[in-house]
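Number of protein chains: 2
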Amino acid sequence: MKIGVLGTGVVGNTIGSALIRAGHEVRMGSRSATNEKAAQWVAQNGSAASQGSFADAAAFGEVIFNCTKGEGSLEALGQAGENNLAGKVVVDISNPLDFSKGMPPSLFVGNTDSLAEQIQKAFPQSRVVKTLNIVTTAVMVDAGLSAPGEKGTMFISGNEEEARQFVTEQFLKPWGWDDVIDLGDLTGARAMEMILPLWVRVYMQTQNPMFSWKIVRGK
Amino acid sequence: MKIGVLGTGVVGNTIGSALIRAGHEVRMGSRSATNEKAAQWVAQNGSAASQGSFADAAAFGEVIFNCTKGEGSLEALGQAGENNLAGKVVVDISNPLDFSKGMPPSLFVGNTDSLAEQIQKAFPQSRVVKTLNIVTTAVMVDAGLSAPGEKGTMFISGNEEEARQFVTEQFLKPWGWDDVIDLGDLTGARAMEMILPLWVRVYMQTQNPMFSWKIVRGK
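So the protein lines, in turn, are chains S and F. With the numbering used here as the guide, the letters of the first sequence map in order to residues 1 to 219. With the numbering used here as the guide, the letters of the second sequence map in order to residues 1 to 219.
It is possible that some hints are incorrect.
Note that the list lumps identical chains together, so a pair holds whenever it fits in one copy or between two copies.
Said to hold, decoys possible - List time: in silico SDA-like cross-link candidates among lysine to any residue, alpha-carbon distance up to 20 Å:
no. : residue 1 : residue 2
1   : 69        : 10
2   : 121       : 86
3   : 151       : 219
4   : 219       : 208
5   : 2         : 166
6   : 151       : 218
Don't read these hints as lab results, they were simulated from the structure. Values in this document were obtained by computation on a predicted structure and should not be read as measured data.
Put together the whole structure using the sequences plus the hints.
What follows is the structure, given as structure tokens:
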């Protein structure tokens, strides 16, 4: 599949490489079509990897991964272009973290709204699916990394059941997420984004980012 | 130990009975000293159980459990009386859920403040410890109930380390919480209260309230 990955940070880099390893063609997008970090990533990932502007990557992809920082996501997607997102699944991994007052961060949207819903509202023809935002990047693409022999639960939300199932089958299961709880429509993203403050606190107290969340329950 | 339990609902009832089983003396407090639900609970729990007003229960207890609904917690604690709370550990189990717009509920405080911090601010001489609010009542007092052979993680926060350790040793461990992550000061309650929306969504999708949260990580 052809996939556009927006963002050149550790999330975009890790997701992009995992998609290449899974056999996809990936174009990494950034503000500049000649971004240096994207060029390094392309050099390390072979002929299936390419780079371009946000618009180039979005036009290239049949599916788009939003791996930009939450505070810049709406602007980056705006540069990607509404037409280039229309009709496409946009996997939103971003988090609305506000670091402006130091650590731990607060959220710049929450409770009765979410960043994923803001993205869906701004680009109504896109098919936004929220997932993966609740673990550190390395664990996103390898659910088994958080502990030997044990995996956490992943959550997913989005307004179209077909899009949620597509993302679950194409990406979550191959990356090891055997236990996926489908939260239904995109208002579920409120809940998924609101556990980030606890992620940050657990990380600050344990000094270990390599953890996942397991919903412990009977079968 | 003498313990005051504020609230006659399922949380107060379950916590009160578990405390009696553990050998404590418990006085259940409510708006009325002759509350019928409290009278039933006393009748079922033997001579170590008694009832009274919020102020009676708070005066009786060396430790106080706030088991009232979040929307009524500040008022109930006000009736309990600042003097009756002074110097005492107040275990706050409440959640700031706002059901006024239907299901799922939103939070009436969050992000940069929490209900636990509002309680601490209103009763500055009390020693507020937030814990147990993240699971259904039956699991609070029996961590093993969520699944056979597997337990979740419990979190705790409060401004005094000594109070957090006291609650962990006296209550959390006896109730089966072997994995407790100490989040530090009471600002951690923001994160603990903000995962309730995900609790509600998981419950709505799975129709199973008997679950806990496990932080899956290496040792």
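Now for the hints, and whether the structure bears them out:
1. In this assembly of identical chains, the alpha carbons of residue 69 and residue 10 lie at most 20 Å apart only when taken from the same copy (10 Å versus 42 Å across copies).
2. In this assembly of identical chains, the alpha carbons of residue 121 and residue 86 lie at most 20 Å apart only when taken from the same copy (12 Å versus 49 Å across copies).
3. For a Cα distance limit of 20 Å, the shortest separation of residue 151 from residue 219 qualifies both inside one copy, at 16 Å, and across copies, at 14 Å.
4. In this assembly of identical chains, the alpha carbons of residue 219 and residue 208 lie at most 20 Å apart only when taken from different copies (10 Å versus 29 Å within one copy).
5. Proximity of residue 2 and residue 166 under a CA criterion of 20 Å is satisfied intra-copy only: 15 Å inside one chain copy versus 56 Å between copies.
6. Taking the shortest alpha-carbon separations for residue 151 and residue 218, both the intra-copy value of 16 Å and the inter-copy value of 11 Å come in at or below 20 Å.
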